[in-house]
Amino acid sequence: MATHKKVFYILLILSPLAFIFISLFVGRYPLSGASIVKILICKITAGSCNLPDQYTSIVWEIRMPRAILGALVGGALAISGAAFQGMFRNPLVSSGILGVSSGAGFGAALAILLFNSTSYTYVFAFFFGGLAVLASYLIGRVYSTTPAIMLVLGGVIVSSVFSALISFAKYVADPYNQLPTIVYWLMGSLATARYHDIVVGGIPMVAGISGLIAIRWRINVLSMGDKEARSLGIDAVVNKGIIIACATLATAGAVCVSGIIGWVGLVMPHIGRMLVGNDNKVLIPASLSLGACFLIFVDNLGRLITGSEIPLGILTALVGGPFFVYLLKKTKGGGW
Amino acid sequence: MLEVINASFSYKKLNVFKNVNFRVNEGEVFCIVGPNGCGKTTLLDCLLGILSLKQGEILLNKRNIKIISPAETAKQLAYVPQLHEKTFPYSVIDIVLMGRAAHIGLFSAPSPRDVAIAEEVLELVGLTSFKDRPYTQLSGGEAQLVLLARALAQKTKIIIMDEPTAHLDFKNELTVLETIVQLVNNTGLSIIMATHFPNHAFYFENNSIDISVALMSRMTFSAVGSPSEVLSEDNLKSIYSINARVVSHRMDNDSELRQIIPISTVA
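Line order of the protein sequences matches chains G and L.
Oh and the first sequence: position 18 is 17 in numbering that gives the first Met the number 0, straight run, nothing missing.
Oh and the second sequence: position 175 is 174 in numbering that gives the first Met the number 0, straight run, nothing missing.
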């Protein structure tokens, strides 16, 4: 890479930190920039800062975990999408292609139905998300190989079965209490993010993301197709298995704490392709950063424009769509 | 180097080939010629370890390929595919670097040494200036040379090619053939290729390359030998059901270039 490209790439990778920092200054509660900086300084130096405890907790207990979780969720969705696009040799697949989102959605709906609260949605969403992917994988496995088209078909089948089950759960749910909870969960939100969510969702997300970053160059080789990958010395079945496992950990971890947020896993990798090219060695980390920045940005926007917070799943598409068109026109598609 | 003994393959009940025997030595070109659907590609897939034989064995440097791992096989045997479906617009150098995959660990990316090897093989096929171009924008002939470079980056002693000149125009076809001749002469590479152009075998013979031709038909090799022996008018009639003439053209340097002229199908 040329030097200016390298600088751009490093800035891109580090940009989520800047977005997290900026989002501490964004919210409905009027806090002056000076007091926020003061709170941060005294948190870091562990001194006292003569500001109401309420201020500290808004910055430290509400805005900070929300920004960190936004970065993790956006990053996890985008990196899984990028890995799947490469592995399936198809630019139209997203992180949910193997049914993880529909499975998780059904798990969450089931937990809300069974326990009448959202306290078990994490576990159920994560479990059913994983189960859906496993089902797709087993459907796609023929003659001990896993052809991309069979996996995609498996994913389509499993997704539609779980979508039907979600509809069924909505149908039988109590319409005054459970139904709105299910619908709201399915639209995705970071509004209730606390450090607890970062721990619960963060462990699988960080594990999956690390795995994908480690194996990223091999995705190039897998995108040549099973036969060529094999002749280049790569066992397609084993490597695909590792990528599916990592992407599922990351996506299921994200969905179980944030609900279903579409669009990020499809489009952020493409924006990455336009900015840094198609080599997965740089594309995978770039997608991670872009997804993180994008979700923090959209989440900030969501809490700025209305008092009642537009759900994330709606805003990601509303904001991302026009931005994507702009980039598409500007870079002329980046070599497609 | 590569020895195939009594090989048979079938999909479920459909027999594809049986009793195939041959060996390929260092610096030799081995051409497999035969009509559509005779099993050439299946045989190559078996050599690559993508499919496994129903009977017989394939020995790579005296070891059965069944027990050699994909990475180990890829260090001894490279492959240039017939039809390559282009997906993402990778740059040419990224494609060539993929040839280094067997030498790069599970969680690693290409090292500067791998990049140096990729640049070196790009120079061998004369595409140095294409390094950063998206390979989706290359012409058919250029793309074929990039795939050849990728195979060369594997640094193997043997390269398997499936119809390396399919869909190429005359010039690109000759560029690929000339590159092969140069590589075989300069590096002692062995090449196994399936082709629909028996004339290629004569081309190699005329360039004094050590070449054998195998005629594949009716599920086995019906003849193996030098092009002049094997590619006779009678044999062409028998495997392709065509009437053909083998003619000889005297070249400027007094050597002879034989060519097959297909005339008509056998009624």
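Check the hints yourself; a few may be wrong.
[Claimed, not checked] Computed list of lysine to aspartate or glutamate pairs in EDC-like fashion (alpha-carbon distance at most 20 angstroms, straight line): (1) 53(L) <-> 84(L); (2) 65(L) <-> 234(G); (3) 226(G) <-> 71(L); (4) 280(G) <-> 71(L).
[What the hints assert, rightly or not] To give an idea of the chain L side of the interface with chain G (calculated C-beta under 10 angstroms), a few residues: (5) 0; (6) 86; (7) 98; (8) 102; (9) 111; (10) 115; (11) 167.
The hints are simulated quantities; they were obtained by calculation from the structure and are not laboratory data.
Cβ coordinates follow ideal geometry from the N, Cα and C atoms, glycine included.
When the nearest CB of chain G is found for residue 115(L), is that gap smaller than 10 angstroms? With Cβ-Cβ at 16 angstroms, over 10 angstroms, it is violated.
Checking hints one by one. Is residue 86(L) an interface residue toward chain G, by the C-beta closer than 10 angstroms rule? Holds - the Cβ of residue 86(L) comes within 10 angstroms of chain G, reaching about 4 angstroms at its closest.
Is the hinted pair residue 280(G) and residue 71(L) satisfied, with a Cα-Cα distance of at most 20 angstroms? violated (24 angstroms)
Holds or violated: the hint that residue 167(L) contacts chain G, with Cβ atoms closer than 10 angstroms. violated (19 angstroms)
Checking hints one by one. Is residue 0(L) an interface residue toward chain G, by the C-beta closer than 10 angstroms rule? Violated. Min distance 17 angstroms.
Decide if the proposed pair is consistent with the structure: residue 53(L) and residue 84(L), CA atoms, cutoff 20 angstroms inclusive. violated (29 angstroms)
For the hint on residue 102(L), just tell me whether its beta-carbon gets within less than 10 angstroms of chain G. holds (8 angstroms)
Do the alpha carbons of residue 65(L) and residue 234(G) lie within 20 angstroms of each other, as the hint requires? holds (14 angstroms)
Taking only the CA atoms, is the gap from residue 226(G) to residue 71(L) under or equal to 20 angstroms? holds (16 angstroms)
With chain G as the partner, please determine if residue 98(L) meets the hint condition of a C-beta pair closer than 10 angstroms. With a minimum Cβ separation of about 7 angstroms from chain G (threshold 10 angstroms), the hint on residue 98(L) holds.
Evaluation of the interface hint that places residue 111(L) against chain G, nearest CB under 10 angstroms: Result: violated, 13 angstroms to nearest chain G Cβ.
When held up to the earlier numbered hints, the structure conflicts with 1, 4, 5, 9, 10, 11 and fits the remainder.
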